[in-house]
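**Q** Assembly of the complex is requested from the two constituent chains, each provided in isolation within its own frame, with the hints serving as guidance.
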Amino acid sequence: MVNTEVTLSGLTLQNPVIPASGTFGFGYEFAELYDINILGSIALKGTTMEPRFGNPTPRIAECASGMLNSVGLQNPGIDAVINEELPRLGECFQRPVIANISGFSIDEYVFCCEKIDACGQVGIIEVNVSCPNVHSGGMSFGTSPEPAAEVTRAVRAVTKKPVYVKLSPNVTDIAEIAKACEDAGADGISLINTPLGMRVDLKTKRPVIHNRMGGLSGPAVFPVALRMVWQAYEAISIPIIGMGGVSSAEDVIEMMLAGAAAVQVGAANLVDPFACKRIVEELPKVMGKYGITELKNITGGSH
Amino acid sequence: MFTQSMFTIIENKPIVRDVYRLALSGDASAVTAPGQFVNIRLEGFYLRRPISVCDWDASGVTLIYKVVGKGTDCLSRLLPGAELDLLVGLGNGFDVSKSGQKPLLIGGGVGVPPLYGLAKKLAAGGKTPIAILGFNTRGDVFYADEFRALGVDTLVSTADGSMGQKGFVTDVMRGLTDYTYIYACGPMQMLQAVHGLTRTGGQFSFEERMGCGFGACMGCSCQTKYGSRRICREGPVLEREEIIW
Numbered sequence: 005m006v007n008t009e010v011t012l013s014g015l016t017l018q019n020p021v022i023p024a025s026g027t028f029g030f031g032y033e034f035a036e037l038y039d040i041n042i043l044g045s046i047a048l049k050g051t052t053m054e055p056r057f058g059n060p061t062p063r064i065a066e067c068a069s070g071m072l073n074s075v076g077l078q079n080p081g082i083d084a085v086i087n088e089e090l091p092r093l094g095e096c097f098q099r100p101v102i103a104n105i106s107g108f109s110i111d112e113y114v115f116c117c118e119k120i121d122a123c124g125q126v127g128i129i130e131v132n133v134s135c136p137n138v139h140s141g142g143m144s145f146g147t148s149p150e151p152a153a154e155v156t157r158a159v160r161a162v163t164k165k166p167v168y169v170k171l172s173p174n175v176t177d178i179a180e181i182a183k184a185c186e187d188a189g190a191d192g193i194s195l196i197n198t199p200l201g202m203r204v205d206l207k208t209k210r211p212v213i214h215n216r217m218g219g220l221s222g223p224a225v226f227p228v229a230l231r232m233v234w235q236a237y238e239a240i241s242i243p244i245i246g247m248g249g250v251s252s253a254e255d256v257i258e259m260m261l262a263g264a265a266a267v268q269v270g271a272a273n274l275v276d277p278f279a280c281k282r283i284v285e286e287l288p289k290v291m292g293k294y295g296i297t298e299l300k301n302i303t304g305g306s307h
Numbered sequence: 007m008f009t010q011s012m013f014t015i016i017e018n019k020p021i022v023r024d025v026y027r028l029a030l031s032g033d034a035s036a037v038t039a040p041g042q043f044v045n046i047r048l049e050g051f052y053l054r055r056p057i058s059v060c061d062w063d064a065s066g067v068t069l070i071y072k073v074v075g076k077g078t079d080c081l082s083r084l085l086p087g088a089e090l091d092l093l094v095g096l097g098n099g100f101d102v103s104k105s106g107q108k109p110l111l112i113g114g115g116v117g118v119p120p121l122y123g124l125a126k127k128l129a130a131g132g133k134t135p136i137a138i139l140g141f142n143t144r145g146d147v148f149y150a151d152e153f154r155a156l157g158v159d160t161l162v163s164t165a166d167g168s169m170g171q172k173g174f175v176t177d178v179m180r181g182l183t184d185y186t187y188i189y190a191c192g193p194m195q196m197l198q199a200v201h202g203l204t205r206t207g208g209q210f211s212f213e214e215r216m217g218c219g220f221g222a223c224m225g226c227s228c229q230t231k232y233g234s235r236r237i238c239r240e241g242p243v244l245e246r247e248e249i250i251w
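If you read the sequences in order, they're chains Y and H. Counting in my numbering, the first sequence runs from 5 upward without gaps. Counting in my numbering, the second sequence runs from 7 upward without gaps.
If we strip away everything but chain H, and leave its shape as in the complex, we get (with noise of 0.2 Å):
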């Protein structure tokens, strides 16, 4: 079940280009999964912004975000010692149970933070995960190193080239067989690539434009092979053969 409190900000500042690393303090017990997220209460906008956990302890939540409007730069703006009013632990998450022992994790762009946390999971419980990190640009990317500290075999595509491999993940994907399970989180055409490209079973992270983040409003529904999903609830991850593209 989801917390709200209040929550005092430690750390907000850019790791590249318009994505900033956002350190918070206080009660993150309602974390329960990786791929999970938080929605956060901005004075002056009326809706909450959800925003998946990067990575959390008992002490708080990391978090990762890439500023798209005027609600994220206003957040980006936010100094430490400032406080913050949260919804803790929204979502299903990652099922790390079916990873099987080599897993392939795949992250585009602001998709890649959750990642972050599964990764971590992962190798805590003695997996071998390899992480395929998509971004446009060698100015882009992030997170590549810390993902290579957890001990994670870590790949990355730009699509111009610019560093590791040219091209989409979906290109680094197609020189790998025998991994065991697919995580994946990005934008919708990458999802959607990534889930034509293999048989191999997986659970696929989605955005919708949400209401309430808590399954109140049936805002972000979307239909699947089993009938209809609230993306914040029964969301965000989706099996990969409920899924309908």
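Next comes chain Y alone, as it looks inside the complex (with noise of 0.2 Å):
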């Protein structure tokens, strides 16, 4: 017997596995297709104070194993996600969820983690600072250790559940801004959002997405993913979540031993609505397979 179980600042899960923001929806639309009961969490659509429709179409374009998008943090708005997602999710979903919020000012990550603070069924709050699609506030916080731990330090203060922060690749050194989150009062960090990269189309001769650039994911990531998780392992002592590629039950297992206590799956998700499934069925025969019978203890088991 294996035990798949690993902790987040307390939370218990019952595997690492977790369907990443912007990849899942508000989960309920998966439970149609399986009974998503079976995850470890679930990570929810990036919320913002009000809604969002995001950029203009097209903003989604195809690379070799991977895509790039720009949705730009399309979303209902908080009060939807609380009053109508969330309940909708808890008919289908039993399980503490990952709630994940966006802001455009300091003041609107605040708002937004203030009220989900009451909201029972959130287990852990990721604060992304790392949209990269959207031209104010998102990526800008992320991208230098003093405004990522502004952010950090303003919604630790006005929440008891877990803080995750959810950070950018598109910077010089992850573990100086993970360092300075730590500092400020993360609970842990997730990592990473997408790296900003672009198409052209020979055709019209113009960048295939509307808003020129968009962020990358898919197993194209996979490498920079775990070599900036492996970095961020090495700077702080919260857990990490990695993410970025993962695909399968062996990238799972390859990210925490890079240094991730769980980890979310992305692009994966669209392509295959079953790969979590998947990956959360074939874990425990992967795990037999390299010898490991307490996943939670392989977390940084590559340092």
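Keep in mind that the hints were calculated from the coordinates and are not lab data. As the structure is a prediction and not an experimental result, all values here were calculated from the model. You may find that some hints are simply not true.
Said to hold, decoys possible - Under the rule of at most 27 Å between Cα atoms (straight-line distance), these lysine-lysine pairs were calculated in the DSS-like manner:
(1) H:K72 - Y:K207
(2) H:K76 - Y:K207
(3) H:K72 - Y:K209
(4) Y:K207 - H:K19
(5) H:K76 - Y:K209
(6) H:K127 - H:K19
**A** Have a look at this one:
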């Protein structure tokens, strides 16, 4: 027998597999495909104070082993998430979820985190300071240590829930930013969000994506994500949720060996709607293959 | 609800230049309406290829697609007997209950295929649809005879006048008045021109670059008068009165 349980800031997950924000909506639509209660948790679609449509289309482009998106935080706004989306998810998912909060000012982050603090369903708040697809706010908070720390301090002060700061890979020193968030009171770090990429259409000779650039996800980014998880693990002692191109149980284990305490699965859900289910089911067998009995003990095992 | 399953290629051959008919056998029970689409996984490509359903029955689906890039080129090289991983039953499709007795079906280029399945349903329901099929030139024209074989009054237009009426589908449409409803699928400019030419109620099928094709990524959203719609989930068919151009 193997044990797939992991813990994040006192929260026990039956396994480390979490669909990543923006690739699983608010979960309930996937519940029509399989019993989503097999998942460790769910990271909800990035939520802002006001409803947002996001960027103009086209906002998707294909790449070798991955894709670009410039969705730009389309979401119904914090009130609709709390009053409509969370109750709907609650009908089909009984475990604590990860709320993902974005903002365009410190006040907006604080406003949303204060509101979400009152939601019993939410086990962790993931504070997104790394969306590459919005022009102000978003990623600009996550590309240098002081603004990232400032957001962390501000939201830390208004919630009792664990705060995980989701970091951008579009930086020169991920360890420095992770450390700044830890020092500012973060309970954990999520990384990576998407690195910026671009494609040009040879027929139109224009960028494929209306917004010109988009965030790269899929297996193409896995080695970059793994490297950054490894660097962050060296620098901090709070838990890391690792993500970026994870598509198999082997990837989950590799990400954990690099330093992740749990793992999010993103783009894989979009090409295979059963990706998380498959990974959850394969995990015990792959653990057995590599002689792992207690999954939580392998975090950081490659250091 | 959509399903994921394996299909086997029965036929995959060109019907006119760059346009292929792909007949697949497999479980098509998730298809509930004409105008829905499937999303095909291709070896060597990260994203699936969304293609509208032309026709379907208990034994499988028939698709008609145009080779426009590397993915569809790869698809066109696959041989009968090969297996494909499909998501089936995606999108809302056309609502046949709104047609009235004499609906007008307007298709442009590769917008024609989903209207074939629609025409078949309407004809089977005792309706008498009229189809206008628009193409660039004679060599591009496909499925006019198949529409006629359903008993559908079928009018063809070509931009260069080499077959049927010279001009666009809207030029043919101007000569018609006594239709009860409109179903349209084709390029955006065609949809907008059709929309502008009549006050009759209708449904218009849209295209957008998709990530997942089943509503998870929000990549293909569009804004309507009643809020945002995912082309892959609440679409691809939108009601006339909700469309913002």
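**Q** All the hints need checking, so say for each whether the structure fits it.
**A** Quick rundown of the hints versus the structure:
{"no.": "1", "hint": "H:K72 - Y:K207", "verdict": "holds (16 Å)"}
{"no.": "2", "hint": "H:K76 - Y:K207", "verdict": "holds (13 Å)"}
{"no.": "3", "hint": "H:K72 - Y:K209", "verdict": "holds (21 Å)"}
{"no.": "4", "hint": "Y:K207 - H:K19", "verdict": "holds (26 Å)"}
{"no.": "5", "hint": "H:K76 - Y:K209", "verdict": "holds (17 Å)"}
{"no.": "6", "hint": "H:K127 - H:K19", "verdict": "holds (25 Å)"}
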